[in-house]
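Each chain, letter by letter, is given below.
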Amino acid sequence: SQKIEQNSEALNIQEGKTATLTCNYTNYSPAYLQWYRQDPGRGPVFLLLIRENEKEKRKERLKVTFDTTLKQSLFHITASQPADSATYLCASPKSSGDKLTFGTGTRLAVRP
Amino acid sequence: NAGVTQTPKFRILKIGQSMTLQCTQDMNHNYMYWYRQDPGMGLKLIYYSVGAGITDKGEVPNGYNVSRSTTEDFPLRLELAAPSQTSVYFCASSYSTTGRGSQPQHFGDGTRLSIL
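If you're matching them up, the sequences are chains E and V in order. Under the numbering used here, residues 2 to 113 are what the first sequence spells out, in order. Under the numbering used here, residues 60 to 175 are what the second sequence spells out, in order.
These aren't lab readings, by the way, just hints derived from the structure by calculation. It cannot be assumed that every hint is accurate.
Unchecked claim - Below, in silico cross-link-like pairs of lysine-lysine (DSSO-like), each with a Cα-Cα straight-line distance of 30 angstroms or less:
| no. | chain 1 | residue 1 | chain 2 | residue 2 |
| --- | --- | --- | --- | --- |
| 1 | E | K58 | E | K100 |
| 2 | E | K58 | E | K4 |
| 3 | E | K72 | E | K58 |
| 4 | E | K56 | V | K103 |
| 5 | V | K116 | E | K95 |
| 6 | E | K58 | V | K103 |
| 7 | V | K103 | V | K116 |
| 8 | V | K68 | V | K103 |
| 9 | E | K60 | V | K103 |
| 10 | E | K100 | E | K64 |
| 11 | V | K73 | V | K116 |
| 12 | E | K100 | E | K72 |
| 13 | E | K4 | E | K64 |
| 14 | V | K73 | V | K103 |
| 15 | E | K4 | V | K103 |
| 16 | E | K60 | E | K72 |
| 17 | E | K64 | E | K95 |
| 18 | E | K58 | E | K95 |
| 19 | E | K56 | E | K100 |
| 20 | E | K72 | E | K4 |
| 21 | E | K18 | E | K56 |
| 22 | V | K116 | E | K72 |
| 23 | E | K4 | V | K116 |
| 24 | E | K100 | E | K18 |
| 25 | V | K116 | E | K100 |
| 26 | E | K95 | E | K18 |
| 27 | E | K18 | E | K64 |
| 28 | E | K72 | V | K103 |
| 29 | V | K68 | E | K58 |
| 30 | E | K64 | V | K103 |
| 31 | E | K60 | E | K100 |
| 32 | V | K73 | E | K58 |
| 33 | E | K95 | V | K103 |
These figures come from a predicted structure and were not determined experimentally.
Start from the sequences, fold in the hints, and give me the full structure.
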């Protein structure tokens with residue numbers, strides 16, 4: 002079956018380090034992936050979109066990669082700060098023209 | 060701009076009661092969506108609309124109804140509330156997703172609904 006999966010275990014890192022979150026997909030080839038941030042009690046907020054023909058996308062301290070061979074997207078936050086603590090969701094369409102399917106999210110905790 | 064506004068923020072219903080979750084957006088987006096989010100399950104699409112007067116089912120539509128009489132509003136109706144509908148409900152909107160790429164979705168802050 003077609004799946005989009007994120008590590009359900011929380012990621013705990015020290016302030017200043019680089020956080021790396023993983024999004025894996027199986028049995029389909031998304032045209033693009035989106036990454037969102039969700040704070041407790043709030044709705045998701047869009048961060049970045051990367052298309053299948055793009056290997057890397059950057060926005061300030063954020064970097065997203067898309068490896069169609071590994072069927073994986075990595076989301077990096079460099080020089081992490083406690084304010085980066087949140088749940089990060091990846092999402093993609095499972096077929097052309099399809100609506101987004103979201104991963105379950107990975108919670109990031111950055112300790113001072 | 061207010062973005063996507065959802066009301067109410069919290070609600071407790073008894074089994075069998077009905078209610079409408081309200082959603083309005085002021086970004087002139089033609090696409091609107093309703094999701095539910097359960098712990099450890101991720102966001103599941105309930106219904107979506109590509110424009111006023113047009114709605115379609117998502118992944119988990121049973122027990123829900125929607126209407127889209129205007130571009131701005133997309134209410135979600137629960138007719139006979141069941142404990143399985145206890146969840147957090149999110150409304151979102153976006154520009155058209157047709158074409159090569161996709162538009163980001165803008166979410167409201169959710170309605171937390173408990174059915175007892």
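Status of each hint after checking the structure:
For a cut-off of 30 angstroms, the pair hint linking E:K58 to E:K100 stands: about 22 angstroms separates their Cα positions. As the CA atoms of E:K58 and E:K4 are separated by approximately 23 angstroms, the hinted pair is consistent with the 30 angstroms bound. As the CA atoms of E:K72 and E:K58 are separated by approximately 17 angstroms, the hinted pair is consistent with the 30 angstroms bound. Taking the CA atoms of E:K56 and V:K103, the gap is about 28 angstroms. The hint holds against a cut of 30 angstroms.
A hinted pair counts as satisfied when its Cα atoms are at most 30 angstroms apart, and V:K116 with E:K95 qualifies at roughly 16 angstroms. With a CA separation close to 27 angstroms, the supplied pair E:K58 and V:K103 stays within the 30 angstroms bound. With a C-alpha separation of about 12 angstroms, the suggested pair V:K103 and V:K116 falls inside the 30 angstroms cut-off, and the hint holds. Using a Cα cut-off of 30 angstroms, the hinted pair V:K68 and V:K103 holds, with the two alpha carbons roughly 19 angstroms apart.
Our distance criterion of 30 angstroms between C-alpha atoms is met by E:K60 and V:K103, whose separation comes to about 28 angstroms. As the CA atoms of E:K100 and E:K64 are separated by approximately 24 angstroms, the hinted pair is consistent with the 30 angstroms bound. A C-alpha spacing of about 25 angstroms is found between V:K73 and V:K116, which places the hinted pair at or below 30 angstroms, so the restraint holds. A threshold of 30 angstroms between alpha carbons decides the hint, and for E:K100 with E:K72 the separation of about 19 angstroms falls inside it, so the pair holds.
Using a Cα cut-off of 30 angstroms, the hinted pair E:K4 and E:K64 holds, with the two alpha carbons roughly 23 angstroms apart. For the given pair, V:K73 sits about 23 angstroms from V:K103 by alpha-carbon distance, which is consistent with the 30 angstroms threshold. Taking the CA atoms of E:K4 and V:K103, the gap is about 13 angstroms. The hint holds against a cut of 30 angstroms. Restraint check: the Cα-Cα separation between E:K60 and E:K72 comes to about 22 angstroms, which is no more than 30 angstroms; the hinted pair holds.
Using a Cα cut-off of 30 angstroms, the hinted pair E:K64 and E:K95 holds, with the two alpha carbons roughly 23 angstroms apart. Taking the CA atoms of E:K58 and E:K95, the gap is about 21 angstroms. The hint holds against a cut of 30 angstroms. Simply put, E:K56 and E:K100 have alpha-carbon atoms about 23 angstroms apart, close enough for the 30 angstroms limit, and the pair holds. Straight-line distance between C-alpha atoms of E:K72 and E:K4 comes to about 11 angstroms, which keeps the hinted pair within the 30 angstroms bound.
For the suggested pair E:K18 and E:K56, the alpha carbons sit about 23 angstroms apart, so the restraint of at most 30 angstroms is met. As the CA atoms of V:K116 and E:K72 are separated by approximately 28 angstroms, the hinted pair is consistent with the 30 angstroms bound. Between E:K4 and V:K116, the direct Cα distance comes to roughly 20 angstroms. Compliance with the 30 angstroms bound is thereby established for this hinted pair. Between E:K100 and E:K18 the CA atoms are separated by roughly 35 angstroms; this puts the pair beyond 30 angstroms, and the hint is violated.
Distance restraint check for V:K116 and E:K100: the Cα-Cα separation of roughly 11 angstroms lies within the 30 angstroms cut-off, and the hinted pair is therefore satisfied. Distance check on the hinted pair: E:K95 and E:K18 sit about 33 angstroms apart at the alpha-carbon level, beyond 30 angstroms; violated. Of the pairs offered as hints, the one joining E:K18 and E:K64 holds, with about 14 angstroms between alpha carbons and a cut-off of 30 angstroms not exceeded. The straight-line distance between the Cα atoms of E:K72 and V:K103 is roughly 22 angstroms, inside the 30 angstroms bound, and the hint therefore holds.
Taken as a hint, the V:K68 and E:K58 pair is broken in the structure, with Cα atoms around 35 angstroms apart against an allowance of 30 angstroms. A C-alpha spacing of about 26 angstroms is found between E:K64 and V:K103, which places the hinted pair at or below 30 angstroms, so the restraint holds. Of the supplied pair hints, the one linking E:K60 and E:K100 holds, its CA atoms being roughly 25 angstroms apart against a limit of 30 angstroms. The straight-line distance between the Cα atoms of V:K73 and E:K58 is roughly 47 angstroms, outside the 30 angstroms bound, and the hint therefore fails.
Annotation: proposed proximity of E:K95 to V:K103 holds, straight-line Cα distance about 14 angstroms (limit 30 angstroms).
Checked against the numbered hints given earlier, the structure breaks hints 24, 26, 29 and 32 and satisfies all the rest.
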